[in-house]
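Visitor: Residue numbers (this note's numbering), protein chains in the order written: chain A, 3 to 113; chain B, 187 to 299.
Because the hints were derived from the structure by calculation, they are not lab data.
For every residue, glycine included, the Cβ atom is placed at its ideal position computed from N, Cα and C.
Treat the hints with care, as some may be off.
Claimed, not checked - Label-pair distances were calculated between CB atoms; the ranges are: (1) A/P42 to B/S263: 20 to 28 Å; (2) B/S286 to A/D57: 33 to 41 Å; (3) A/P81 to B/I239: 40 to 48 Å; (4) B/T196 to A/M31: 21 to 29 Å.
Stated by the list, open to error - Which bits of chain A does chain B cover? Going by a derived footprint, with three or more residues having C-beta under 8 Å, they are: (5) 20-33; (6) 104-112.
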Amino acid sequence: DQQVKQNSPSLSVQEGRISILNCDYTNSMFDYFLWYKKYPAEGPTFLISISSIKDKNEDGRFTVFLNKSAKHLSLHIVPSQPGDSAVYFCAASVSRRYMRFGAGTRLTVKP
Amino acid sequence: SQTIHQWPATLVQPVGSPLSLECTVEGTSNPNLYWYRQAAGRGLQLLFYSVGIGQISSEVPQNLSASRPQDRQFILSSKKLLLSDSGFYLCAWSGLRRDSPLHFGNGTRLTVT
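So that you can see chain A by itself, here it is in the shape it has in the complex:
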């Protein structure tokens, strides 16, 4: 079931510019949203999260925005760095058991 969708399989940006990764969900019961970053041959690492009671959460260069009416969240990375090149997964949950992941977006940051 595609309850969490990342419609862009890949994204390429120039170093120093903004990277915007998008995610859409269909289940209105989701109330906790996360972004994970994954390098090849490694497990995903937790990046940033947001609760449904907020519409923005910021951590350094990373900001997550949540638009509940549109069932849409996005991850902004400013400024983008070559080390940010990885696959990014968004995830949404009602409980930790019921966490659903998107298919991922491969971000390439060009020097």
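Got chain A sorted already, so can you dock chain B onto it with the hints?
Guide: Relative to the frame of chain A, chain B by itself:
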């Protein structure tokens, strides 16, 4: 600090052979433990979830099983592998707080031939 160990990193097994993947967590007690699978081009699919020793919840019917013989040990098994079992298997743990994120191991790349 907490760490999670998963092995082996890669595995090639023939169809019909058994499987055993092991995962251990250090630095925390009574974690929630998970097995996920990532098939090519797809998101992470939850396979099993455990809140305590001997307590396993299965998310999808399949020829895989999981066991938790100790508090910080989680094992994924199969008696007979299928070609469709190929994929990237990830073990993860989380704390007890509702907003505790998942922390993943480095995964096992399983190829069934």
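Visitor: Does each hint hold? Answer for all of them.
Guide: Hint-by-hint comparison with the structure:
1. A/P42 to B/S263: 20 to 28 Å: Since A/P42 and B/S263 have Cβ atoms about 27 Å apart, the given range 20 to 28 Å holds.
2. B/S286 to A/D57: 33 to 41 Å: 22 Å, violated
3. A/P81 to B/I239: 40 to 48 Å: 47 Å, holds
4. B/T196 to A/M31: 21 to 29 Å: Roughly 37 Å apart at Cβ, these two residues miss the hinted range, so it is violated.
5. 20-33: Per the Cβ count (0), the hint is violated.
6. 104-112: Satisfied; 3 residues make the cut.
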